[in-house]
Amino acid sequence: MKLILIKSHIKDALVSLQRSWGENTNLPILKNILITTSDEGVLLTTTNLEIATQVFIPGKVIQSGSATTSFTVFSSLISNLHSERLNIDAKNNNIEVKTDNYSATLQGLPSADFPLIPKIKNNNIYIEIKGALLREGLNQTTTATQFSDIRPELASILFDFSLEKITLAATDSFRLAEKIIPNTHFTSLFKDGFRALIPLKTAHEVARIISDQDPVKIYKDEHQILFTTKNISLISRLTEGTFPDYSSVIPQKYTVETVIKKDEFLDALKVTSALGGKAGEVRIQISPEQKAVHVRSSDQAIGENTYTIHAEIKGKGVEVGFNSHYLIEGIKAVESPDVSFVVNQEENKALIRGKGNQSYLYVVASLLKA
Amino acid sequence: MEFEKIWQSVLGEMEVQVSRANFATWLKNSRLVDNRDGVFFIALPNNFAKEWVENKYHKNILGIVRTIDPSVKKIEFMVDGHLVGGIKKSPTKEIASKLENQIGLEFRVDPTTNLNPKYTLASFVVGPSNELSFAAAEAIVQEVGTKYNPFFIYGGVGLGKTHLLQGIGNEIVAHYGGKVRPRYVSSEKFTSDIVWAIRNKRMEDIKKKYRDVDVLIIDDIQFIGGKEKTEEEFFHTFNALYENNKQIIISSDRPPQSIPTLEERLRSRFEGGLITDVGYPEYEMRVAIIRKKLQEMNRALSDQVVDIIAKKVKKNVRELEGIVNKVVFYQDKKGVDVSDRIATEIVDSSIQNFSRHINDTQVIKAVAEFFSMEMIDLVGRSRKKEVVEPRQIAMYLLRDILGVSYPSIGEKFGRDHTTAIHSYEKVNREINKNASLNQKMILIKSLINKS
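Protein sequences, first through last, are from chains R and X.
Per the numbering used here, the very first residue in the first sequence carries number 98; after that it's consecutive.
Per the numbering used here, the very first residue in the second sequence carries number 961; after that it's consecutive.
I should point out that these hints are in silico values taken from the structure, not numbers from a laboratory.
Beta carbons: idealized from backbone N, C-alpha and C, even for Gly.
Possibly wrong hints are sitting among the right ones.
[What the hints assert, rightly or not] Straight-line Cα separation of at most 35 Å, DSBU-like style, residue types lysine-lysine; simulated pairs:
1. R:350 - X:1168
2. X:1016 - X:1034
3. X:1372 - R:314
4. R:216 - X:1019
5. R:218 - X:965
6. X:1372 - X:1405
7. X:1344 - X:1294
8. X:1169 - R:375
[Said to hold, decoys possible] If you want the ones that stay clear, here's a sample from chain X, every Cβ over 12 Å from chain R, calculated:
9. 1034
10. 1039
11. 1348
12. 1368
With the hints as extra help, turn the sequences into a complete structure.
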């Protein structure tokens, strides 16, 4: 294998690839990056047997072939070199990297030992969606859950596709986020709807590597899902299991509804949470008479504070406690400048939405009041 | 031949042909699932494995399979996510629905009552030592605020006071819905609320918080003794609730008259209601508790093992549960049933062993002290009834705690070794039948440990 590559292309590709290689004592080759030539350029691959990412970069292929070498070594070498053009030469499992004034020989493993990247069965049926939209949807929902080995179906994002819309949802059982993307924003060749559970790590990874302008194509079969853009393709296993039916968790009625400026609400929460103790507890008091929302927190050992925000209020006055981090994450995910903050006192929940924007919602359970 | 056997022999051959790393990664968790018209269906844990095995090992596997079963024409590979790590990981429908319930629960936790839903009266094991308390608890649920008010439960550590208290609260919630509002609070929380209110000048909030309930449940009241402001606030709260026929339920580790720091006016109020105690469980009850616990955990232990645990752990239900957990854990981990010998070992290593620090004189002294008599009487010749029982107990304890030999026990008391054997066996027999003897034994042991 003999190649000439442009450094900046490799560097960008390595950023996309850096999270999908893996440590595996059984299979040390997973630490490696696979370089394969194709007609138009070079394909770089890393995998940890859960996710596999492939990035295509343009380059001049003098002699075709393939090789593997340690990802970390290769990547630190590339990022510290200044020359724009790199000559890469593979001989007996070793890779030689040469520039005008630098040369290196890297040990590798036979490329035949590198795992084969699985393929999707129906590779001509896909959903096509704008990168920015998918990324936003994923970011808005991943914020509501966290990694967990005990309940893998909760450490996943629900990708519920029907012909009218795509619903993304996530919950860690303390809060819930749901994003709806109507079919005016994507095109689909699927004839039927499906539900898939995308592992949280995959969702983070997809959101990280897709670019805003490029459209993303999504393919799916029984056990795996594939995201492709012009140059990148990421295939991942799906989480086995059933996502809980969360519709009953979304409050239908409300005790009080307020509309608050997003930035001001965030400021208030950030400031007051400083005195919220370890759990970051803040108490939100909504008083319709004063047309104000008081955000307050107190800690026996530190002190107490109150932040008052003027807001439009409809309904009864209430006081509820929340975990401030959960609130902040939910409010940050809202796109509109004004946040509709709805409290249901009977069910002890708050519902957060953008004002005039029904596509996203975030439900958070209130804290125990001792 | 069964699928499993066929596949085992195929894997055996493959293991020789491919490298250890490749075998462990790709083939180890595979399975032969079906054989239809000469087509073998092989399940692999993920798509990577499927891709790899299909492309690299297809021919080898087919070759090996044909030597075992010449009729095989083809091999099909498929993915079964359940094979991950060799263990069935993915939740079945049943578990999934359970998780859904859990979500509902966590969202539904009621912050106003402060009750933990895991404690219910139904899961409370009733026996002679606590049936009075339990009956009172049930009566209170039926007639809140009027029948036994205040209700005072006392008893040692880990005997189920908190369980009973929370159980009453939960039962009331279940029985009356939202109409009767209970609130459970530990006395420590009560005190810290008062402190907070004093510091922040928000006393009114606290007053309102505690008086605006129908059932106030306070756990471990002995801790408010000596904290004057808290006692005073509690006194007023108590009066306010009591006058309005609100139910008050209190627990403590000793009866009100034995809490020395408690103010007189509070004590007399506690004594005005119903006071019951929760005693140490008898042998049968301990067995029942162990069985209940096992049932909750969905595990089984042999009757002998249950018997060993129930006989050895006498004092504390929590300790009992801990040891059951330990035994069950051992069983799960090793994958074999626990034998009597191992169970004895586990129990012995778990229950505290004080014998290193004490000698025989201390034991005899503690027994004498407990029965308020002189040590001389114990070792004397008298055969009066009131001396005989303590003497037998002393002999039993010497044997039980210190493992002194029968002849030397006999020698200490100026008697034959057969007398010592008789005493030991008699007490050992009695102790599991007679709750009051068991109670005495525990008190004496605690005396010994204190000395």
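Exercise for review: Would you mind confirming whether the straight-line C-alpha gap from residue 350 of chain R to residue 1168 of chain X stays at or under 35 Å?
Suggested key: holds (28 Å)
Practice item. Take the C-alpha atoms of residue 1344 of chain X and residue 1294 of chain X, compute the straight-line distance between them, and say whether it is at most 35 Å. Key: At roughly 54 Å apart (the allowed maximum being 35 Å), residue 1294 of chain X and residue 1344 of chain X break the hint.
Review point. Since residue 1039 of chain X was said not to touch the interface, does its Cβ keep a gap of more than 12 Å from each Cβ of chain R?
Key: Violated, because the least Cβ-Cβ distance between residue 1039 of chain X and chain R comes to about 5 Å, which does not exceed 12 Å.
**Study point:** Proposed proximity, residue 1019 of chain X with residue 216 of chain R (alpha carbon, max 35 Å)
**Key:** With a Cα-Cα distance of about 21 Å, the restraint between residue 216 of chain R and residue 1019 of chain X holds, given a limit of 35 Å.
Exercise for review: Take a quick look at whether residue 1372 of chain X and residue 1405 of chain X sit within 35 Å of each other, Cα to Cα.
Suggested key: Satisfied, since the Cα-Cα distance of roughly 20 Å is no more than 35 Å.
Point to revise | Least C-beta distance from residue 1368 of chain X to chain R larger than 12 Å | key: holds (56 Å)
Exercise for review: Decide if the proposed pair is consistent with the structure: residue 1169 of chain X and residue 375 of chain R, CA atoms, cutoff 35 Å inclusive.
Suggested key: holds (24 Å)
Check your understanding: Closest CB-CB distance from residue 1034 of chain X to chain R, is it above 12 Å?
Key -> holds (18 Å)
Exercise for review: Quickly compare the C-alpha distance for residue 218 of chain R and residue 965 of chain X to 35 Å and report which way the hint goes.
Suggested key: holds (31 Å)
Exercise for review: Starting from residue 1372 of chain X, check that the Cα of residue 314 of chain R is at most 35 Å away, please.
Suggested key: Answer violated: residue 1372 of chain X to residue 314 of chain R is near 91 Å, above 35 Å.
Point to revise | 12 Å cut-off, C-beta based - residue 1348 of chain X kept clear of every residue in chain R | key: holds (55 Å)
Exercise for review: Below or equal to 35 Å on CA atoms is what counts here, so check residue 1016 of chain X against residue 1034 of chain X.
Suggested key: OK: residue 1016 of chain X and residue 1034 of chain X at ~15 Å, within 35 Å.
Checked against the numbered hints given earlier, the structure breaks hints 3, 7, 10 and satisfies all the rest.
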